[in-house]
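S.K.: Chains A and B supply the protein sequences, listed in that same order. Going by the UniProt record's numbering, the first sequence opens with residue 1, and the numbers climb by one from there. Going by the UniProt record's numbering, the second sequence opens with residue 1, and the numbers climb by one from there.
Worth flagging that the hints you see were computed from the coordinates, not collected in a lab. Note that the structure is predicted; figures quoted are calculated from it, not measured. A virtual CB, placed ideally from N, CA and C, is assigned to each residue, including glycine. One or more of the hints may lead you astray.
As the list claims (entries may be wrong) - Straight-line distance between alpha carbons at most 25 angstroms, and here's what the computed PhoX-like set of lysine-lysine pairs gives: (1) B:Lys171 x A:Lys905; (2) A:Lys169 x B:Lys224; (3) A:Lys224 x B:Lys761.
Said to hold, decoys possible - Chain B side only, calculated, beta carbon under 8 angstroms to chain A, not exhaustive: (4) Arg163; (5) Phe167; (6) Ala564; (7) Gly774; (8) Lys859; (9) Trp862; (10) Ala863; (11) Leu865; (12) Val872; (13) Ile873; (14) Leu907; (15) Val909; (16) Val911; (17) Phe912; (18) Glu916.
Protein chains: 2
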Amino acid sequence: MHQYASQDKIPGGGVGLAAPQDGQSSCQFFSDGRRKVDYVLVFYQRKQISVRGSDRLHRLSAPPHPPHRLSVISNGSSTLSGPVGGLGCAAGQRSAGDGEVCVDLAVEVELEADPAEGEMVLIREEFEARLLEAGLEMERDTEVRVYGPSFTRLHVPWQVLSREAEFLKIKIPTKKSYDLKQENGFSASLSEFWRKVNQPFQPNIPQLGHSTTKQLSHCFSRDKLHLFNITSKDTFFDNATRSRIVYEILRRTACTRTSQSMGITTLIAKGVYDSAFPLHDGDYKVVGHSERNDRQLLHDEWARYGAFYKYQPVDLIRKYFGEKIGLYFAWLGVYTQLLIPASMVGIIVFCYGCYTVDMDVPSLEMCDKQQNFTMCPLCDGVCDYWHLSTACGTARASHLFDNPATVFFAIFMSLWVATFLEHWKRRQISLNHSWDLTGLEEEEDHPRPKYETVLLQKRQMMRNKEKKNEKKKKKKKKIETGVEKLTWRDRLPGYLINISSILFMFGLTFSAVFGVIVYRIVVSALMAMSPDPETKSNVRVTVTATAVIINLVVILILDEIYGAVAVWLTELEIPRTESNFEQHLILKAFLLKFMNAYAPIFYVAFFKGRFAGRPGDYVYVFNDYRMEECAPGGCLIELCIQLSIIMVGKQLIQNNVFEIGIPKLKKLIRAWKGKGISLEEREEQRARPPQQWNLDYTLVPFEGLTPEYMEMIIQFGFVSLFVASFPLAPLFALLNNVIEIRLDAKKFVTELRRPDAVQAKDIGIWYNILSGMGKFSVIINAFVISFTSDFIPRLVYQYMYSQTGTMHGFIDHTLSHFNVSNFRPGNAPTSSYLPETTVCRYKDYREPPWSAEAYQFSKTYWAVLAARLAFVILFQNLVMFLSLLVAWVIPDVPKNISEQLKREKTLLVDVFLREEKEKFHLLQSLFSSKDQPSQGHPDTAHFRTLPLGLSQGLGQPPGGEGGESRVRCRAASFSQFTRQMSMSPSNDAARHTAV
Amino acid sequence: MHQYASQDKIPGGGVGLAAPQDGQSSCQFFSDGRRKVDYVLVFYQRKQISVRGSDRLHRLSAPPHPPHRLSVISNGSSTLSGPVGGLGCAAGQRSAGDGEVCVDLAVEVELEADPAEGEMVLIREEFEARLLEAGLEMERDTEVRVYGPSFTRLHVPWQVLSREAEFLKIKIPTKKSYDLKQENGFSASLSEFWRKVNQPFQPNIPQLGHSTTKQLSHCFSRDKLHLFNITSKDTFFDNATRSRIVYEILRRTACTRTSQSMGITTLIAKGVYDSAFPLHDGDYKVVGHSERNDRQLLHDEWARYGAFYKYQPVDLIRKYFGEKIGLYFAWLGVYTQLLIPASMVGIIVFCYGCYTVDMDVPSLEMCDKQQNFTMCPLCDGVCDYWHLSTACGTARASHLFDNPATVFFAIFMSLWVATFLEHWKRRQISLNHSWDLTGLEEEEDHPRPKYETVLLQKRQMMRNKEKKNEKKKKKKKKIETGVEKLTWRDRLPGYLINISSILFMFGLTFSAVFGVIVYRIVVSALMAMSPDPETKSNVRVTVTATAVIINLVVILILDEIYGAVAVWLTELEIPRTESNFEQHLILKAFLLKFMNAYAPIFYVAFFKGRFAGRPGDYVYVFNDYRMEECAPGGCLIELCIQLSIIMVGKQLIQNNVFEIGIPKLKKLIRAWKGKGISLEEREEQRARPPQQWNLDYTLVPFEGLTPEYMEMIIQFGFVSLFVASFPLAPLFALLNNVIEIRLDAKKFVTELRRPDAVQAKDIGIWYNILSGMGKFSVIINAFVISFTSDFIPRLVYQYMYSQTGTMHGFIDHTLSHFNVSNFRPGNAPTSSYLPETTVCRYKDYREPPWSAEAYQFSKTYWAVLAARLAFVILFQNLVMFLSLLVAWVIPDVPKNISEQLKREKTLLVDVFLREEKEKFHLLQSLFSSKDQPSQGHPDTAHFRTLPLGLSQGLGQPPGGEGGESRVRCRAASFSQFTRQMSMSPSNDAARHTAV
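This is chain A alone, in the form it adopts within the complex (with noise of 0.2 angstroms):
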């Protein structure tokens, strides 16, 4: 009559069979402390619910107990046949028992509160009964809480477990382990001596050492369990695949009830559950000096930020997260370690650059105050001509970056892209391979509940429509009830709102960018028109400090507020299945935040200063503003300040305030909240100590990873698109990711519920857009090597121009020459200390005011633009081919893991040919026993009597026609066969005597 065998806790100190001993000071066990609570269903009580129909309960359980508070309900009775309940560490709660009825919540109850409450109930009720059903064993605390969280706790059994595994085809070592090849002779003691030196840098986790033997992995199977090592049939699985496996269940668990397809997805999205979450495995804090259990051994191993110069525990940390995170870890991990050559060349590059710089001719020359060059006004009116020889310490800093060996940095850094995607593929298949995810198939995508809901309204409408139609037309129309999936029509408003959206976030970037040109075209105007020298003598370094600081701070806002604005956008476009809208607002966010953090970038590296027109033809902006020119050191330079400050400001911003200070803000909220609790729940909360399930309830749900790599793909922007403009990105970068790690493990470790532990192979959509942006930055680099730095100038003076050979007389080529009697009515100087002034230079190649062609572009001004567009088209293209040269060089599969592989599959068929042969043997000394007499013509007699197994383990379908006979010929051979084996010895003598 009712699916729920209540049982009691027996009092008493009998420690369980299976009881949890080693020293958590929470519990994960059902209140006979042997069953593993292995996920946990919350749902927040808001109303209060009078509840009757307890009576039925009590007509069930066979002993009538003394009815007490803290009583738990269950079903599936614990192995024990007697009254010998397990303690466990459910011991903590009988103190509290008193006098209270115990009830049970899957009973009818009378409804005080609105219908949606009670709908919910039913639900509820309704999907429980199918768990139970699916073969879950379920237990709640009977307590009727007036106000807060109600917990149902659910266990898998072997047989579910062991069942789903093998639909799940997960893979499980075996029993047959093989040793993996050892080097030998001086490969063996140089891996030796490696082991040695990067042992301090291992963490220190059991069972992680250097292990010689490999174990076979074979897809689980309940018909081949003498293959695996199974020592309990509690703890074969560990705690993430059982999660997994009741996710699996709780998924495709579905509810008439609503209607919908999907089981606790769509629960919670309706709000009939609040939340769903394995737990757990222990308080992350060590208590005693009992063992670490894996939480535990993360947390002082992992998420400590004494451990950054260590390896992170990548299969520990998969075994507690699942392969999704354990592959982000992996990715970051190798992402960090490959940024260290990375930073260390972009140091070297940085050195020589310093070192030169007392060499370099042309900034050597424009520090010479001989070679007085005067320079048109950088403003009109105001500004006054100017000597080249004071812009000396700009060209000087200039050189650090913009120097040959950025080109060579340049190559070697899209080369590095190219490695580091490879050298990533290789550890995604060793890792997939020591995770035995090789030939995992993808999981099947179910629809998310937003689609399904408005599939079902959509549904709904057309059932409406069509009756108003039968109705009017009385007409006999085709049915078309079969609404089976929503078409571009019913998304139609959403792609609308998504490009109108997009397209006014690409203006509001735009304008962002220009709304700071403005800002420091109007203010470096204002401040040069002041009349206090020291203002304007600090115009450029005030302006430049300001304008960066606010586009950083909006870029941060822009940041934030086009991540919701993503989100926001993909529900709207209703995507089927859940890994639709993944990949969906990744794109969105992606270009978003891309075009957000690089917009102000892309201006200086391209577009600064190259509309500023010349000198008696300037160009202006809102008619009164001059274009802003780059300093007289090049842009590169700017470029540079740029890239640095908006670089380390964001991450230094977004680490400390959005992933420290923020959460830590919640937290003091919460606190504070919490001080609003009676007396009397503190007390009570004080007596009971909490379940995990409590304490894990306080937790932040985990919301996916994207946000995560979100923040290293745009940072890895910084490291490749505009390295040759300043070398230092990578250190930067460095700095940041080995501080990021560790914080990140702390969040996971600490602050986080548990996640679902989700298989992947690989990290999806992220390599594909790493790969788009190592190909993106190839040309980028290309464009900022022969156009923003002085690089090709250089060359073509020195072979094409330069009379000597070096670059003596560089500066005074790249110079123009201007008629000041040429100026516009207002663009002179209106008072100048040097009046005697005619002629004044500008950074450009045009033709002289005494050509017949003045201020037209020079011969040099195409030829110096043809070379730019060669060093384009052979820097991409030399840079493509050695990168596909790099992949195609590296192996995708590491060589030791392709042998792994061939051995495992040769082992493999060993196996199963033994097994086959030993059937065989059997069926042979079965049948040769009592088949002496008549040999040569075996009775097929004996061969009926045969157990079920062994015929059919021969291929042999019982009772198929003709099966019999062939057992008999195979049979017959095979004994011909060893009778002439036998044989054979002598034949071989007598074939030598012959011979």
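Since the structure of chain A is provided, determine the placement of chain B on it from the hints.
M.R.: For chain B alone, kept in the frame of chain A given last:
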């Protein structure tokens, strides 16, 4: 005592139970007429062997039979217990029977021949014994042939088939089928219409109709035979699968005598066997009105020129020849199909050129006799000044290929390549799906015989060395017998020869090209000097024609040489596995053949005319001959001629001579040689109709698909690489391919031995080569458009220099001036009919003689160069981006396939869940029928009596701790649950009244 059970043909017309009835003129069965010959091993007897020991044979065979000439020897008794031997097609053999001895070759032989021959006999003996041990059945003619091939026929019985099929994880359609999704409404009628339109193009193959259901496939497993629809065990696996399984066994069966790990491949390499092949399905000519076998179907519906307009029966090809060859033809089909739109657009572009030729201002200006440009002479001394209008013809012809539509066509073709690759990916995936290859793992690759031989030699050498060392020094040295693989040191000589040979052949190719250039220069100079005016006027035509033909001949010859050299070089590298060998060979052959075919074209496209110098400063080769210039109409027209002649000529000659002519010649020679056979033997041959194995042995062995693919890939280069200069290339390729498909088909069906059915998921490295060529084609086309054609100069003129914005004056703009007084001595024409000339014109952008920098490159030159380079960057990046977009927009997996995959997965889970439930119900009913009284507390005793299989099926290891009690729990909760379920309606009602 003896492994061969000899069995005679029994006289009489009794047709065997499974005797072949489909009118095959030749036979593929054992002499019992029932067991199919799945594989044939052949060795060629070259010397006479006298034999003794036939007595031993008689000892074993129960009824002493009258020996006659053509008795056969086979193991494995047929299922018939009585003396009803199959007649089958062996009937024809009996006629020749007379009094000769029945001889078993496996008994010891007295060897008159050389010891090597004897060793081979022993190896064969051992190998065949091992095959029998592996379960194969075997039959041989006992006729002792003095000279000629001896056949060993192999048959694979059901138990071996099923075992191997399970190991190889061969997917087989199950009984369970599901409906494919039907379109409805408009799209249904559209697809119906499409089907009808397509009807005449469909090959007339049974069961190839529009099927609405698909059968679920599952890996074959002997435990799950009930899933499969096994009507007859003889025909359950098709012939290709059967032969694949035999080949698998042959391959892994090792001989201890050869001390190598591999089976048949080593033996063939060592000459122990001459060849090993599966049999064709009978004759390809249809005899009578019987049902056609697969080979006949293929011959009638596919391998006919008459069927050129039809689709290929790809499924049948795959069924007959295996996946690898099926994929080749499918790929060829997709390529040819996609060439149709490409050639149509090409024709349109060409027509556009024809149509606009009269509106093209530059060519009109060139033809305009009023604009009388006096051009500088084309050769020294003997050549005169000439008028540009005389080159009117080439200018007009040039416009046909050099017009703006060409740029569009180049972009179109680049996107076409991307589309083609994506389309092929999709096709490949849907073929994978319908051929049940999804989830196919790559086959383990066995080492090549050559590799093993070298390794053995090395081991031997090391051992000898060690022995010497031990003798000499008597020190205990580390024994290094474990030489596991060849290191780079062993391969160093091979690599060195490789590199030097490849460099040499590159040099050969280049010198061939250079030779043709020199030929052209010399001959035209000589002809220009000739006094005969007729010779003079034909100079260009004669020289170009002869030069291109020489080029073509050189290419064809070198192509064949390089093919052979590549094989030789790859052998020298001693690659470890067959697939390694193939890859290295393909890369090398591709590199060489590609260079060979394209070097002259590259020369014309990018180098010709660019090193000719300028008037007054010409470049000379051999101090005497001026470098050649392009024709007055531009280099593009020359490129076009070169391309078309080489492409069409190469294809025509290769198809006609190499693929049709030479095989026919070989046949003729063989027939002519056949006349040498003694009358006697021919008599004999006539008397005994040849068996299928005799017929197949006369065919040419299959030697891989590499040449077929290579031909197509080189053609693909013509279609993609230089398509900007020759829009008709796709058309010529299309015409060639239509023939090529049928030519190849004919070869496979009628002229080749049946190849082993090799599984493959994709076309392997060829896809990478294709995609690499696609990428390369983008940059090549960009350069052809911007540098070879006049597209960019025209644009630059129109938008930068033209006064009117039209093209008028373009010709004048492109021609520079030259003052004839600046000619070096001997350069000026000796006699001229334009004696008053002072300034002649030449095609280049240089400063005029009156400029300060006379004859230097002008500003226009640099501007045009910059524009050309900018166009290359723009074109390359735009096209690359568009290609990526195309690749991204077209999903790799077709939608219907991904939906089907999902459905199949769900269905499979359903099937297994249902099985699970049935088992459970069985258990339940057993339990409930016997256990009525003690309901709720079921006795566990009953479970102990359950059949083994059932309790195992529920995941309970028999006798495992707690197994039974858990079953009990599960059953209990289940029964409770069903009871609760039956209650639920009333429950529900109660609930509703309560609300």
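S.K.: Indicate, hint by hint, whether the structure satisfies it.
M.R.: Here is what the structure says about each hint:
1. B:Lys171 x A:Lys905: holds (18 angstroms)
2. A:Lys169 x B:Lys224: holds (17 angstroms)
3. A:Lys224 x B:Lys761: Distance of about 30 angstroms is beyond 25 angstroms: violated.
4. Arg163: OK, holds: Arg163 (chain B) within 8 angstroms of chain A, min 6 angstroms.
5. Phe167: Holds, because the Cβ-Cβ distance from Phe167 (chain B) to chain A comes to roughly 6 angstroms (cut-off 8 angstroms).
6. Ala564: violated (27 angstroms)
7. Gly774: violated (13 angstroms)
8. Lys859: Holds - the Cβ of Lys859 (chain B) comes within 8 angstroms of chain A, reaching about 4 angstroms at its closest.
9. Trp862: holds (3 angstroms)
10. Ala863: holds (5 angstroms)
11. Leu865: Holds: closest Cβ of chain A sits about 4 angstroms from Leu865 (chain B), inside 8 angstroms.
12. Val872: Cβ of Val872 (chain B) sits 6 angstroms from chain A, so the hint holds.
13. Ile873: Holds: closest Cβ of chain A sits about 6 angstroms from Ile873 (chain B), inside 8 angstroms.
14. Leu907: violated (12 angstroms)
15. Val909: Because about 6 angstroms separates Val909 (chain B) from the closest Cβ in chain A, which is inside the 8 angstroms limit, the hint holds.
16. Val911: For Val911 (chain B), the interface hint is violated, since the closest Cβ of chain A sits about 11 angstroms away, which is over 8 angstroms.
17. Phe912: holds (7 angstroms)
18. Glu916: holds (7 angstroms)
In summary, the numbered hints that this structure violates are 3, 6, 7, 14 and 16.
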